[in-house]
Every structure is written in C-alpha cells, then in structure tokens.
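Residues per chain are reported as follows:
There are 2 protein chains.
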Amino acid sequence: MTPVNLKSLAEELKMSIATVSRALRDSHEVSEATKARVRALAAARHYEPNAYASSLRRNISKTIGVVIPKVANHFFALAINGIEEAARQAGYHVLIYLTHDDYAREVAIVQHLKGGRIDGLLMSVASGTEDFAHIKSLQDTNLPIVFFDRVCAEVATAKVTTNDYESGYQATEHLVQAGCQRIAHLLISNNLSIGQFRQQGYLDALRAHGLPADPDLVLNGVMDNEQNLVLIRELLQRRPDIDGIFASVERLAISTYHVCRELGRRIPEDIKIIGFSNLESASLLDPPLSTITQPAYDIGREAAKILLRAVEKKKPILPGQSIVLDSTLFERRSTAGR
Amino acid sequence: MTPVNLKSLAEELKMSIATVSRALRDSHEVSEATKARVRALAAARHYEPNAYASSLRRNISKTIGVVIPKVANHFFALAINGIEEAARQAGYHVLIYLTHDDYAREVAIVQHLKGGRIDGLLMSVASGTEDFAHIKSLQDTNLPIVFFDRVCAEVATAKVTTNDYESGYQATEHLVQAGCQRIAHLLISNNLSIGQFRQQGYLDALRAHGLPADPDLVLNGVMDNEQNLVLIRELLQRRPDIDGIFASVERLAISTYHVCRELGRRIPEDIKIIGFSNLESASLLDPPLSTITQPAYDIGREAAKILLRAVEKKKPILPGQSIVLDSTLFERRSTAGR
DNA sequence: TTTATTTACGTAAACGTTTGCAGCAAATCG
DNA sequence: CGATTTGCTGCAAACGTTTACGTAAATAAA
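So the protein sequences, as listed, match chains G and A. Our numbering puts the first residue of the first sequence at 603, with every later residue one more than the last. Our numbering puts the first residue of the second sequence at 603, with every later residue one more than the last.
The set of hints was computed from the structure by calculation and includes no laboratory data. A portion of the hints provided could be inaccurate.
To be verified - These stretches of chain A come out as covered by chain G in the derived footprint (C-beta under 8 Å, 3 or more residues):
| hint | segment |
| --- | --- |
| 1 | 646–656 |
| 2 | 698–711 |
| 3 | 756–762 |
| 4 | 795–804 |
| 5 | 839–845 |
Please read all numbers here as calculations on a predicted model, not as lab measurements. For every residue, glycine included, the Cβ atom is placed at its ideal position computed from N, Cα and C.
Construct all of the structure, not just a fragment, from the sequences and the given hints.
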C-alpha cells in the first residue's frame with residue numbers, strides 16, 4: 603500500500619506539496635476552491651500528518667509529560683484523569699512516567715526528557731528526592747514545568763497544591779473536638795514539603811488547644827507497607843495512651859485499620875482516626891473513615907491548564923501563577939465523638 | 603545557548619556528523635579511540651538525541667499507546683503500572699488516552715494514532731463500542747495491537763484476558779454453597795465479551811446446581827452511577843427473594859453496598875455479595891467484601907511484553923499468542939455462610 | 001610486488017513537514 | 001496605460017538523525 607502523505611496527495615491533485623500543506627493548515631494564502639479539493643482527497647485517503655516530521659520541523663510536539671510516583675493510587679489516578687482531560691481539549695498528548703518514589707529513576711526519566719520529546723512537564727516529585735539539580739537542568743533547556751501536590755520549592759515555577767497546613771490543622775482540631783488527648787501523626791518521608799506543612803498544622807492545632815507536642819507521637823512511615831504495619835503496631839503498643847491518629851497518607855490510615863483490628867482496638871471508641879484519602883469507598887469501610895480529601899481531579903486539570911497556557915503562548919511560567927486548592931474534611935464514624 | 607546536537611558535537615570534535623552518530627550508537631565502524639572521545643564530549647555537553655528526528659528517520663518512535671476507558675479505577679491503574687514497567691525496561695515511552703467509555707472518543711483517538719506517533723497499541727475497548735472498523739483500519743496500517751481485558755473478538759490479534767467464564771462460574775457457585783437460592787447478576791453493557799463470559803459462567807453454575815435461570819435477576823448497569831443506584835434499589839425491592847448478588851463490576855458491588863445499607867438489608871445475613879474487584883481495601887469494608895480479583899498488574903505487563911516483542915522483531919501478532927490469566931477468589935464475610 | 005580485504009571515516013541523500021521567498025497572473029491605482 | 005498591489009501557487013531549504021555508498025589508508029593474502 604502506497605503511503606499517504608503530503609507528497610502522494612500533491613501528486614494526485616497535481617499541485618505542489620506546499621499548497622497541500624497550507625490548505626490543510628487552513629492558510630489564508632490558499633483559495634477556498636483548492637482547499638476544498640485538498641480536504642476532500644485528504645479525507646478520502648484518511649490522511650493523518652506524520653507527527654514526527656511536524657514536530658521536527660516546528661520544534662513542537664503537542665505532547666506533555668507527566669512524572670509521578672505511582673498510578674495505583676486514587677489521588678494520582680484522578681489527577682491523571684484531570685490532566686488528560688485538559689490535554690485532550692487542547693489537542694495535546696500525554697506521556698506518562700512512574701518514578702515509584704525512586705530518586706534514581708526520577709533522575710533517569712528527567713534526563714531522558716531532554717530529548718525534546720515533550721513541550722512541557724507536569725511533575726509530582728518522588729519522596730526520596732532531596733537534590734533537584736536534575737529538574738533545574740531540565741528547566742534550563744527552557745522546558746516549562748508545573749509541579750502539583752508534591753512540589754519542589756527550590757525550582758522557580760508554578761505549583762498547584764492544596765491547603766496542607768490548614769488541612770493538618772483542621773484534622774487535628776477535629777480529633778481534639780472529638781475528645782482526643784493523645785494524637786499521633788503518621789506521615790511519610792518528612793522531606794516532602796507537603797508533609798512538613800501538614801505536620802506544622804498538626805503542631806499548631808495541638809498548641810492552640812493546650813495539648814503537648816510529643817515527638818514520640820510523630821511516626822515517619824517508609825515505602826514498604828509491611829514495615830509500616832510493624833512500626834504502627836510498635837507505636838500503639840508502646841503508647842497505649844494514644845486515642846487519636848492523624849494519617850497524612852492514605853496507606854497509613856489503611857494500615858492503622860489493620861493494626862487496630864489485630865490489636866483489638868475499637869474505632870472510634872478506643873481510638874479515632876482521620877486520614878488524607880481519595881478512597882471512594884471510605885464511607886463503606888468498617889467503620890466509615892473520616893477523611894481529608896484533596897480535589898485530585900481539579901489539581902491535575904488546573905496544573906495542566908497552567909502548563910498548556912504557557913506552552914501555547916511560549917511564555918515562561920512564573921511562581922506567581924501558583925494555585926492553592928482547598929481540601930474537604932469528611933466527618934465519618936471513625937472520629938465519632940463519645 | 604547554542605543547541606547541542608550531532609552537528610555541534612561534530613564541529614567541536616572536528617569530525618563528521620556521521621561518525622559522531624555512529625560512535626554514539628556504538629557502531630563497529632568506529633574505532634574505540636574516537637568512540638571514547640565522542641562519548642566524553644556527549645556526556646560533558648549532556649547530549650540527548652532528538653527523539654523526533656530519530657523517529658522520522660527510522661520510522662520508529664520507541665513509544666507505545668495505551669487506550670483505556672478510565673484510569674481512576676484500580677484495575678486499569680494497576681494495569682498501567684504493569685505496562686509502564688514493561689515499557690521502561692524495554693526503553694519505550696507510554697502515551698495514554700482515556701475513552702471514558704465513549705465510542706466517539708475512542709474513534710477519534712484511534713484515528714489520531716494513525717499519525718505514526720506510536721509503534722504499537724495496547725487497548726481495552728470502551729463498553730459502548732459495537733463497531734470495530736476504526737480499530738481494523740488502524741491495524742491495516744500495520745500497527746501491532748494487543749487487547750487486554752476488554753477485548754475485541756472481531757480483530758485478529760493477541761488478547762490478554764482472565765478466565766472470565768470460570769470466574770463467573772466460581773463466584774456463582776460460591777454463593778450457592780453459602781446457601782443462596784436467588785442469585786442476581788449485575789453486569790455492565792452486555793456487548794462486552796467479558797460480560798458475556800461471566801454471564802455464561804453464572805448461568806451454567808446455576809444450572810449445575812439445579813437453580814432456575816431467571817432473566818429478571820440479570821441487571822444491566824449503565825454508565826451513570828446514580829442511575830445504577832436506582833436500578834439496584836428497584837431490583838431489590840421488586841424481588842425481595844434475592845439472597846445473593848454477583849457483581850461483575852466493582853462499581854456495582856459498591857453501589858449494592860450503599861443500597862443495602864439504605865434498605866436495611868444485612869450483609870451477609872439477608873443477602874450475600876461477591877464482586878469482581880481490585881479494591882485494596884476490600885477487606886476493610888463493612889462487611890469485608892468477597893472478591894474475584896484479577897491480576898491487573900500482570901495483565902498489563904504481559905500484554906505489553908507481547909506487544910513489545912512483536913514491535914522489536916517487526917513481526918505481526920498472532921491470535922495464538924493470547925494469554926489467559928487466572929483471577930483469584932477471595933472469600934470474605936460478605937458471603938459468609940449461615 | 002600486486003591484489004584483495006579490512007578498517008575508519010566522510011559525503012550526501014533520505015524521512016515528511018513547514019515556511020521564507022519568488023513568481024506570475026489578475027486586479028487596483030495613479 | 002504603466003506601475004503597484006493582491007491573491008494564489010511553486011521552489012527549495014530547513015529541522016536532526018540515520019545509513020547506503022564511496023574512499024582512502026592500512027593490513028593481509030597471493
């Protein structure tokens with residue numbers, strides 16, 4: 603089967619390649635009559651322009667990259683959903699890369715992206731990432747970057763986040779008002795900025811309500827879920843006075859449920875739990891889990907919009923374009939008052 | 603900043619572009635000495651080959667496409683995870699497209715992919731798709747395609763699925779053995795082949811255990827979740843004799859939980875439920891949900907492997923390469939016997 | 001020594017598209 | 001009526017890479 607490209611169309615129409623190209627791009631330099639002829643044949647032959655030739659020539663790929671830690675996670679899945687929606691509307695394609703929260707993988711991926719494959723990048727950094735040279739170096743190639751959720755403070759660009767400090771404060775206050783006196787905070791990898799904000803909200807809420815801030819009650823989770831089960835079990839056994847748990851990460855809330863079941867701690871009678879989560883089934887858990895839920899879809903969509911706007915206008919992205927969206931606290935039985 | 607490409611490297615090294623290119627591709631036509639020099643400079647300049655120029659020239663993009671209905675769904679999220687893993691290992695990139703189970707979108711996406719942007723396609727068809735001309739037409743361009751989970755029988759290629767018939771049979775039998783006499787089957791869009799297989803397994807299991815097959819007990823769900831709640835409520839009210847539910851789709855199982863809660867039906871005392879699901883938190887639901895769980899990650903990975911093997915060897919994919927993986931039945935309290 | 005073979009590199013033509021420039025007719029203006 | 005503009009089209013050069021082919025020198029074979 604002879605390939606269908608500008609050349610073959612031009613030959614069949616007995617005009618030059620240039621005219622065919624212009625006609626298809628709806629250039630004003632082409633008469634309506636020839637445009638119609640060209641379009642008709644292009645449609646008949648199911649012509650699709652070669653994306654790579656076009657990208658090479660125009661130095662524009664109509665593709666954005668998304669680098670995230672994982673996809674099997676409601677938050678990121680919803681975010682991708684929003685990103686894909688915004689990209690599709692703008693006629694962009696979406697390349698996806700998973701770091702699995704591994705610094706080395708993140709570096710390799712970012713380096714690879716310098717090949718000019720994408721016009722812009724959306725990123726949520728790996729929890730293990732402490733050095734940002736790879737990202738800065740990518741930005742130096744004039745590639746627009748927008749961070750979402752797990753942002754990187756050292757890189758000057760727009761960030762789309764949620765009100766993590768306030769959410770941490772609210773969650774803690776919610777537990778206090780439900781009657782908790784000893785509230786633990788479970789978070790992951792405190793070098794992530796969001797973890798720090800939530801932790802600060804937690805601390806300030808404790809202080810505001812006259813509760814002591816006990817470092818022993820702050821647990822830094824790890825990547826491995828089995829290990830987290832052990833850590834949480836140790837914590838609950840070492841400190842039987844804990845009567846409230848604020849989990850900054852969905853996984854840790856789930857793990858806490860498992861440990862409580864194992865140890866025979868009743869939720870919410872013995873211990874109350876609230877966690878960051880985008881679980882659809884939170885209300886069906888036993889007991890229904892109180893959550894702080896981030897607007898994940900909107901985060902993805904807004905981040906993509908900012909990025910695409912910059913890409914289209916070829917303007918640099920300024921930190922001033924950052925957006926902070928509000929999370930929502932859903933009160934359910936896991937924090938029911940006495 | 604002057605661009606770093608083969609030309610600039612060649613100039614600096616005072617050799618031809620061809621030699622630089624060959625050196626970087628480790629061609630045997632280049633001496634080790636010059637290879638070393640080239641590699642050193644390339645590394646120093648952080649050279650990354652232009653992906654589009656390379657793709658254009660070699661007619662190979664090192665990119666595969668993934669077209670799925672949605673991503674905010676455990677099954678597909680895990681599948682993507684497997685796909686990305688296999689792709690990364692083989693040095694491939696992953697473009698993602700969501701159809702939202704919309705036929706028109708699927709057609710548009712597939713048509714768009716004819717631009718030569720990808721070397722191969724992984725696909726799980728939209729539930730609304732009944733005509734497969736768009737897919738066949740894409741396959742006619744010699745693009746290798748592998749289906750997974752929601753396959754398309756009309757297109758001759760490899761498919762990666764689970765043992766849906768057996769799973770439907772087992773799930774139904776499991777309910778029978780737990781004491782159910784009137785078992786309903788909730789599925790979505792019966793034109794999907796997987797739905798048909800599961801339905802057949804359901805019917806055969808009923809017959810094998812001497813239970814009548816009542817068409818009134820088979821509910822075809824729709825896209826809209828709110829609407830499904832209404833349908834399920836109607837069914838349970840119209841047929842109070844229903845004492846078992848086999849949900850072919852995770853969402854329908856969740857909706858059933860909500861309806862049961864609303865109607866005051868106790869699970870598992872009044873009604874037992876088992877559903878296809880990849881919910882990590884199934885065991886934490888109230889009550890824990892018995893599930894048939896598909897090996898989603900493996901499905902994605904195996905599908906990607908088949909595809910990539912064909913892409914690399916430039917060989918067509920034969921239906922004979924299809925794989926059927928086994929799902930696992932997890933027995934939990936929602937189907938506890940009397 | 002002559003001839004064949006190997007090694008290492010350069011030349012230049014592709015891949016399909018976009019676009020500055022030129023050309024050429026018809027239309028408009030001075 | 002000549003000069004200029006306007007509308008449409010073609011020519012050809014890019015974009016950065018890969019690779020068939022050519023070639024010169026070095027080595028091996030005769």
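Consistency of the hints with the structure:
Under a criterion of three residues with beta carbons nearer than 8 Å to beta carbons of chain G, the stated coverage of the segment 646–656 of chain A is upheld, 7 such residues being counted. For the segment 698–711 of chain A, the proposed coverage by chain G is satisfied: 3 residues have a C-beta within less than 8 Å of a C-beta in that chain, meeting the threshold of three. With 0 residues bearing a CB less than 8 Å from a CB of chain G, the segment 756–762 of chain A misses the requirement of three and the coverage assertion fails. For the segment 795–804 of chain A, the assignment as covered by chain G is violated, since 0 residues bring a beta-carbon within under 8 Å of that chain's beta-carbons and 3 are needed.
Only when three residues or more bring their CB closer than 8 Å to a CB of chain G does the claim for the segment 839–845 of chain A stand; here the count is 0, and the claim is violated.
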